[in-house]
Every structure is written in C-alpha cells, then in structure tokens.
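Protein sequence lines correspond, in order, to chains A and B.
Plus 46 on top of the position in the first sequence (first one is 1) and you've got the numbering used here.
Plus 46 on top of the position in the second sequence (first one is 1) and you've got the numbering used here.
Since the hints were derived computationally from the structure, they do not count as laboratory data.
Computed from a prediction, not measured in an experiment: that's the story for all the values here.
Mixed in with the good hints there might be a few duds.
To be verified - List of simulated lysine-lysine pairs, DSBU-like, C-alpha gap at most 30 Å:
| id | chain 1 | residue 1 | chain 2 | residue 2 |
| --- | --- | --- | --- | --- |
| 1 | A | Lys93 | B | Lys198 |
| 2 | A | Lys140 | B | Lys137 |
| 3 | B | Lys198 | B | Lys93 |
| 4 | B | Lys93 | A | Lys137 |
| 5 | A | Lys343 | B | Lys137 |
| 6 | A | Lys93 | B | Lys91 |
| 7 | A | Lys343 | B | Lys91 |
To be verified - A few chain A residues that don't get close to chain B, going by computed Cβ distances all over 10 Å:
| id | residue |
| --- | --- |
| 8 | Thr58 |
| 9 | Glu71 |
| 10 | His108 |
| 11 | Phe113 |
| 12 | Thr121 |
| 13 | Asp130 |
| 14 | Glu141 |
| 15 | Ile142 |
| 16 | Leu149 |
| 17 | Asn151 |
| 18 | Asp175 |
| 19 | Tyr212 |
| 20 | Lys308 |
| 21 | Ser321 |
Beta carbons are placed, not taken as given, at the ideal position from N, Cα and C, and that holds for glycine.
Protein chains: 2
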Amino acid sequence: MNLTILGCYAATPRTFTNPTSQVLEIKNRLFLIDCGEGTQVQLRKNKIRFSRINHVFISHLHGDHFFGLVGLVSTFMLLNRITDLHIYGPKGIKEIINLQLRLSNSWPNYGLLFHELESKESEIVFEDDKVIVKTIPLKHRVYTNGFLFQEKVGDRKLDMNAVQNYEIDKCYYQKIKNGKDIILDDGRVIENHKLTFDPIPVKSYAFCSDTVYDESIIPYIKEVDVLYHESTFLDSEEVLAGKTMHSTAKEAATIALKANVKQLIMGHYSTRYDSIELFKEQAETIFPNILLADDGKSFEF
Amino acid sequence: MNLTILGCYAATPRTFTNPTSQVLEIKNRLFLIDCGEGTQVQLRKNKIRFSRINHVFISHLHGDHFFGLVGLVSTFMLLNRITDLHIYGPKGIKEIINLQLRLSNSWPNYGLLFHELESKESEIVFEDDKVIVKTIPLKHRVYTNGFLFQEKVGDRKLDMNAVQNYEIDKCYYQKIKNGKDIILDDGRVIENHKLTFDPIPVKSYAFCSDTVYDESIIPYIKEVDVLYHESTFLDSEEVLAGKTMHSTAKEAATIALKANVKQLIMGHYSTRYDSIELFKEQAETIFPNILLADDGKSFEF
Numbered sequence: 047m048n049l050t051i052l053g054c055y056a057a058t059p060r061t062f063t064n065p066t067s068q069v070l071e072i073k074n075r076l077f078l079i080d081c082g083e084g085t086q087v088q089l090r091k092n093k094i095r096f097s098r099i100n101h102v103f104i105s106h107l108h109g110d111h112f113f114g115l116v117g118l119v120s121t122f123m124l125l126n127r128i129t130d131l132h133i134y135g136p137k138g139i140k141e142i143i144n145l146q147l148r149l150s151n152s153w154p155n156y157g158l159l160f161h162e163l164e165s166k167e168s169e170i171v172f173e174d175d176k177v178i179v180k181t182i183p184l185k186h187r188v189y190t191n192g193f194l195f196q197e198k199v200g201d202r203k204l205d206m207n208a209v210q211n212y213e214i215d216k217c218y219y220q221k222i223k224n225g226k227d228i229i230l231d232d233g234r235v236i237e238n239h240k241l242t243f244d245p246i247p248v249k250s251y252a253f254c255s256d257t258v259y260d261e262s263i264i265p266y267i268k269e270v271d272v273l274y275h276e277s278t279f280l281d282s283e284e285v286l287a288g289k290t291m292h293s294t295a296k297e298a299a300t301i302a303l304k305a306n307v308k309q310l311i312m313g314h315y316s317t318r319y320d321s322i323e324l325f326k327e328q329a330e331t332i333f334p335n336i337l338l339a340d341d342g343k344s345f346e347f
Numbered sequence: 047m048n049l050t051i052l053g054c055y056a057a058t059p060r061t062f063t064n065p066t067s068q069v070l071e072i073k074n075r076l077f078l079i080d081c082g083e084g085t086q087v088q089l090r091k092n093k094i095r096f097s098r099i100n101h102v103f104i105s106h107l108h109g110d111h112f113f114g115l116v117g118l119v120s121t122f123m124l125l126n127r128i129t130d131l132h133i134y135g136p137k138g139i140k141e142i143i144n145l146q147l148r149l150s151n152s153w154p155n156y157g158l159l160f161h162e163l164e165s166k167e168s169e170i171v172f173e174d175d176k177v178i179v180k181t182i183p184l185k186h187r188v189y190t191n192g193f194l195f196q197e198k199v200g201d202r203k204l205d206m207n208a209v210q211n212y213e214i215d216k217c218y219y220q221k222i223k224n225g226k227d228i229i230l231d232d233g234r235v236i237e238n239h240k241l242t243f244d245p246i247p248v249k250s251y252a253f254c255s256d257t258v259y260d261e262s263i264i265p266y267i268k269e270v271d272v273l274y275h276e277s278t279f280l281d282s283e284e285v286l287a288g289k290t291m292h293s294t295a296k297e298a299a300t301i302a303l304k305a306n307v308k309q310l311i312m313g314h315y316s317t318r319y320d321s322i323e324l325f326k327e328q329a330e331t332i333f334p335n336i337l338l339a340d341d342g343k344s345f346e347f
C-alpha cells in the first residue's frame, strides 16, 4: 500500500502548497482521493501516469477538494483516453462537470461514470476481487464522506510440506486455499488448518477530511492500519475549529487513539501556521504514531 | 501600459507551463484576461496583489481559458474581499460559477457581477474616464471574443508660457485643456492650438485568442500598439490549425501586417513543440516586430 500526497493544505492553493489530493496505490490499483485545483500538475510532478487513474473519490464539494476535477477530466480527453473513468462524489458533482463540458462543447470519448452519493449511512462504493471501498459519513459544513479502503482477505497459504505429505492431488489446492477441509481416499478428514497458514494480513486505509471532531466515526475506522485525519488547526484555534467544523491536531490524535489505529497521518493544515511541526508536537501528547503529510511525500505501508 | 503573461500555452497545464491568463495594467487599472487553471498561483508567483483585480475578461468557455476562475472567486472570498468583482464572459459563465458556489454552500460577501456576452458584433463592455474595453468577435469552435483595451484621449496639455503671456485666469485652464478657444477681455479670440500642445498619445492593446485566421477582425485591431494574437501551431500543422480553428505563427503575423499594428506578441502555443523560438522565426518572415509571450514575462509599452 502506497500513499502519495499531492496536496494537503486547507483553503487556497499557494506558490508552494496545494489543496487536498492524494493517490492511494493498493493491490496494484490506483485511487485518486479528492482533486483540488492544480492536481493534474501535481500528478505530473509526482510522475503518476494519468492512464492508471480509473477511480476518483471526492469527499465533498468545497473548492479545495474538487476544483481540479474538471481540468483533469478535460486533460484525459485531450490525451485521447478511452478507458472509463469512475467518479464517486456528492450529488451535484455530475451537474458541475457536465455543465462545463457542455458549454465548452467538448465531450469525452471515454466513459465518464458518476456515482453520486447522498446517503448518510456508510455504504460500499467500490468493490472488486481485491479491494473494497466504503464511505465514512463525516460531519462538516456540507455533505461529506471519508473513504475506507480495505484489501480483501486473500486465500489461505498452502503448507506445501503438509499437502505433499498427505499426497493430495493438485486439483484440490484451490479448495484448500479457500479454507476447505479435505477427505483423503482412505476416508480420513484433514482439517484445513493442518494444510495451510493464515493468509497475508490485509491492510486498510481511512481518509477522513474534512470533519469536525466526531467520535461517531470510530466504529468505521477501528484498528485501521493508517488513518489520514484532518487537523486544520492547532490548539490555539480550538474554538474556530468547532465553529468551522474542522479538527485540531489533538482532536485528530484523540480519534486515532480511541479508534486504536496503527498509524495516524495528519494533514489539511491551515495555511496560517509557519511550520507544520507543531501539529506533530501537539498530537504526540495524545497518540504516539504520528506522521505529517506534506505535498509530494509518499508513505509505504 | 504593462502586460504580464501568467500563462500562454494551449490545452493542459503542465509542470512548467500554464494555460492562458494575463494581466494588463493600463492607466493604473488592472485587468485580468482569461483565467486557466492555476491562475491564482501564477498571480502569487508574479506578486500581483489580488485586491487590485476588479475586472476579469473571459474570452471563451474552453477549459484552458476559464477553469481557474471559480478558484479565484473562492479565494477572494476566503481573503475577505469586499470590493465588487466584475466578470465579462460568454453566456453560461454565471451558471458555471454560481452552481459551484451554491453546491459548496459558500457565497461571497463581495458583489460578484456577471456581464454575460452573446453578441456577435463588437460592443463596449467596460468604460470609465480613462479606459474603454470593446469585444472583438472571433471565430473559434465555441462563441469567443477577443478584447480591445484602449486608453481614452486625455486633456490637451497647457502651454504655460502662452497662457501666462495672454494673462488668462486659472479658472479657464480646464476649459482650455478640454480644447476650447478663449475670448480675452479685449474681445480677441485666442484659438486653442495657440494655448495647448496635443495630449499624450493613447495606447491600445488587442487580445485575440483563440481564433482561426480571420481577416474580418482587422478593422477592430487596425493600428493598435500591441496585438496579442494566438499562434497555436507552426506551418507544418497548417491544416490542423484550420480544422481546430486555431492560427499558425505565419497567420498571426499576416494579421499583424494587414492590420498595421506596431507590435505583435504571439502565444497560445501548442505544447507539442520543444522550443517556441520557431514561432518567431516563422512569423518574422512576414512581420518584423514580434515578441514571444512566455509564462512570467512582462512587457512595458
């Protein structure tokens, strides 16, 4: 699992900082999460091939999370893309993109498939054989979802010594990997755990931005490997955080602690602060495993 | 008159090139012309104060000319702007911006005033005591206008020696500057040209992008001081230029020659070429006074 931060600052793009966008690579699939203005240039700078992006998740319709989407959609068109592009985002996103395409008299040759979200409950928005993506209902000033990306549990691993000892035919291997017990020709039943090891542990990533401090998200993100939780403000702006429905560094850390996640990545920093190190300092008083997102930074898990 | 090129490349923003946007300073007024994605960052990089921009002119609704507008409008809001912002552009621009503001539940505190254009004739879109701006109807794949910025002819200059010789009272000075003759107390009529010099010559700037080669624009841009004319392609892509309703370098130069402009600035280069110097080389075979636009470049006239 690899996470590349294209942008992780709140509000407006600036000379050296970008609004929210990140690329999650998981099981060889690439997911673009949010798409602030300038995302397509950040993709180029970070050498991420445009053709690998087939799924874009938009958390909410504040500009710093989606103003770059229409440009990306258009650029895909100019690059003669033919593969379908799936966009998952709040109701309204389709109207915004289509209106601009219609007025510019440009229509993509590729399939532009919108999956508009309006449920206030968590729902599965993407699923294939390796990965499942669910929404995490967040509380913000407009309808907002976080996204939980989970690898699916894979096959159990064959214990080759064991299967060979029992002289089990290869045609049963997949059945065994699927967890089934085996009946030998002589009638003996060999339990699956004698023939296999546990599958490789699966990874999970939760993206939660933007949100006020909200313990009701904990069940959705419980024990994830990596939680990206917004921390727009420092302690000194705690009241402002509540008023604007954002979180402070300590609040992000408290959620991480209560959800017992393995790793917290913080981001969506207000641009009012000179250094982002203070976010880490304040959060570490509550939760130990803190990483700071920054534009262009990649994390391997 | 000062022109700063924020972006002058066609199609998609890239790591080191930006789509169309430029700032014209004329008689101490600042006009933003087109607003491709990333314009607000280019404004920051070029140290142009956001608060000085009160008028934005959008030529047409292709993404590389307006995708940065909604972000700029939002940033003005976040910066607590209170001054009115006037946006001049094709019909539809208001719906595009307002839809996004409505769905993001953010409404500016400042006046956002749209002047939607749909006339196929040239019309005055802005006028104050010093400057007048008219549309230049262009032929492109969608409804498109260029813009002609003209300084207004100022007052005539007083010849102080002459007015003092005739012992003319100061209260008549403005009348004289306005071009009136003066009747002295003894009945003599002093013709204005004996009391004044010609006013400072006025400057004019024509922005023509995007457009196919089209001689019908010549009457509007005749003898302007500076013409910015798109030159998307080189000679080798002449057929493609016609098909996509763009111009080649030589076509831009031919328009400059036939309109007898003083200076041609070329831009809106296709990103397929490794160097923009070839545009100049080809255009100079037709017209001598060529400057190449480039991102971050400023021109004084």
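message = Are any of the numbered hints broken by this structure? If so, which, sorted upward?
response = Of the numbered hints, 1, 4, 5, 8, 10, 11, 12, 14, 15, 16, 17 do not hold.
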